[in-house]
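Engineer: Below are the chains, spelled out letter by letter.
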Amino acid sequence: AQKVTQAQTEISVVEKEDVTLDCVYETRDTTYYLFWYKQPPSGELVFLIRRNSFDEQNEISGRYSWNFQKSTSSFNFTITASQVVDSAVYFCALSVIGSSNTGKLIFGQGTTLQVKP
Amino acid sequence: SAVISQKPSRDICQRGTSLTIQCQVDSQVTMMFWYRQQPGQSLTLIATANQGSEATYESGFVIDKFPISRPNLTFSTLTVSNMSPEDSSIYLCSVARVQGPPYEQYFGPGTRLTVT
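These protein sequence lines are chains A and B, in that order. Counting from 1, position 90 in the first sequence corresponds to residue 90 in the working numbering; the numbering is continuous, with no gaps. Counting from 1, position 86 in the second sequence corresponds to residue 86 in the working numbering; the numbering is continuous, with no gaps.
The following block holds chain A by itself, in its conformation from the complex (with noise of 0.2 Å):
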């Protein structure tokens, strides 16, 4: 079966802290693609990232940066020098392929990450 595992339920970090925040994930297939979205307060999901599972490369973007390991099953989001406006809720899913070639994602939990100034 496939499931996404986010342990981390609430984190709170002091302004320009760096975080992370982890992401193990479990299913049989041999290609699937990961991904993070972020919910802030507003409450619209706001993609992240995307990460097949032919690319263990790592990403960065800004302050943002992705750790993907095939060998651990996870799939971790660090900020560096976290903003208040980072404080939100992250969630990572994994796409489960159906019969009909659909995507369809199975979220994790959420982490609730606050930033305090």
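Source of the hints: derived by calculation from the structure; they are not laboratory data. Glycine residues also receive a C-beta, built at the ideal position from the N, C-alpha and C atoms. Keep in mind that the hints are not guaranteed to be accurate.
With a straight-line Cα cutoff of 30 Å, these simulated DSS-like cross-link-like pairs (lysine-lysine) come out [unchecked claim]: (1) Lys38/A to Lys3/A; (2) Lys65/B to Lys70/A; (3) Lys38/A to Lys7/B; (4) Lys104/A to Lys38/A; (5) Lys7/B to Lys65/B; (6) Lys104/A to Lys65/B; (7) Lys65/B to Lys3/A; (8) Lys3/A to Lys70/A; (9) Lys116/A to Lys16/A; (10) Lys3/A to Lys104/A; (11) Lys38/A to Lys116/A; (12) Lys16/A to Lys38/A.
Distance windows between CB atoms, simulated [as the list claims (entries may be wrong)]: (13) Ser61/A to Thr114/B: 32 to 42 Å; (14) Asn50/B to Arg28/A: 21 to 31 Å; (15) Gly16/B to Ser61/A: 42 to 52 Å; (16) Gln69/A to Thr79/B: 39 to 49 Å.
To be clear about the criterion: a stretch of chain B counts as covered by chain A if any three or more of its residues have a C-beta under 8 Å from a C-beta of chain A, and this derived list gives those stretches [unchecked claim]: (17) 40-50; (18) 103-115.
With the hints as your guide, set chain B onto chain A.
Structural biologist: This is chain B only, laid out in the frame that chain A set:
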């Protein structure tokens, strides 16, 4: 990405009534989905909205409770029928431009529903 709007943005409804939520996309997309996010919880897929045919429902969700329409490639509706307080949630629609990899989905702003 795509610009997605949902109506209403929020509503407070009485138990036993029904509410229809609309999802409009600014361009044609192949796939449209409806998710539910109960208070403080993660997102759960309700169904895939198929153009011109019946929606494909996930386990635990039935058409009588959550009828879905998708008359064209830019519009879909989700109805929450015979509501109870347990239906209080955020309902989000999402879209994917293609029916294949990379399965990237973009989400609407959500509809916050409170049932009293």
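Engineer: All the hints need checking, so say for each whether the structure fits it.
Structural biologist: Hints versus structure:
no.: 1; hint: Lys38/A to Lys3/A; in the structure: 19 Å, holds
no.: 2; hint: Lys65/B to Lys70/A; in the structure: 40 Å, violated
no.: 3; hint: Lys38/A to Lys7/B; in the structure: 22 Å, holds
no.: 4; hint: Lys104/A to Lys38/A; in the structure: 18 Å, holds
no.: 5; hint: Lys7/B to Lys65/B; in the structure: 19 Å, holds
no.: 6; hint: Lys104/A to Lys65/B; in the structure: 21 Å, holds
no.: 7; hint: Lys65/B to Lys3/A; in the structure: 26 Å, holds
no.: 8; hint: Lys3/A to Lys70/A; in the structure: 15 Å, holds
no.: 9; hint: Lys116/A to Lys16/A; in the structure: 9 Å, holds
no.: 10; hint: Lys3/A to Lys104/A; in the structure: 12 Å, holds
no.: 11; hint: Lys38/A to Lys116/A; in the structure: 18 Å, holds
no.: 12; hint: Lys16/A to Lys38/A; in the structure: 19 Å, holds
no.: 13; hint: Ser61/A to Thr114/B: 32 to 42 Å; in the structure: 36 Å, holds
no.: 14; hint: Asn50/B to Arg28/A: 21 to 31 Å; in the structure: 27 Å, holds
no.: 15; hint: Gly16/B to Ser61/A: 42 to 52 Å; in the structure: 48 Å, holds
no.: 16; hint: Gln69/A to Thr79/B: 39 to 49 Å; in the structure: 43 Å, holds
no.: 17; hint: 40-50; in the structure: holds (count 6)
no.: 18; hint: 103-115; in the structure: holds (count 9)
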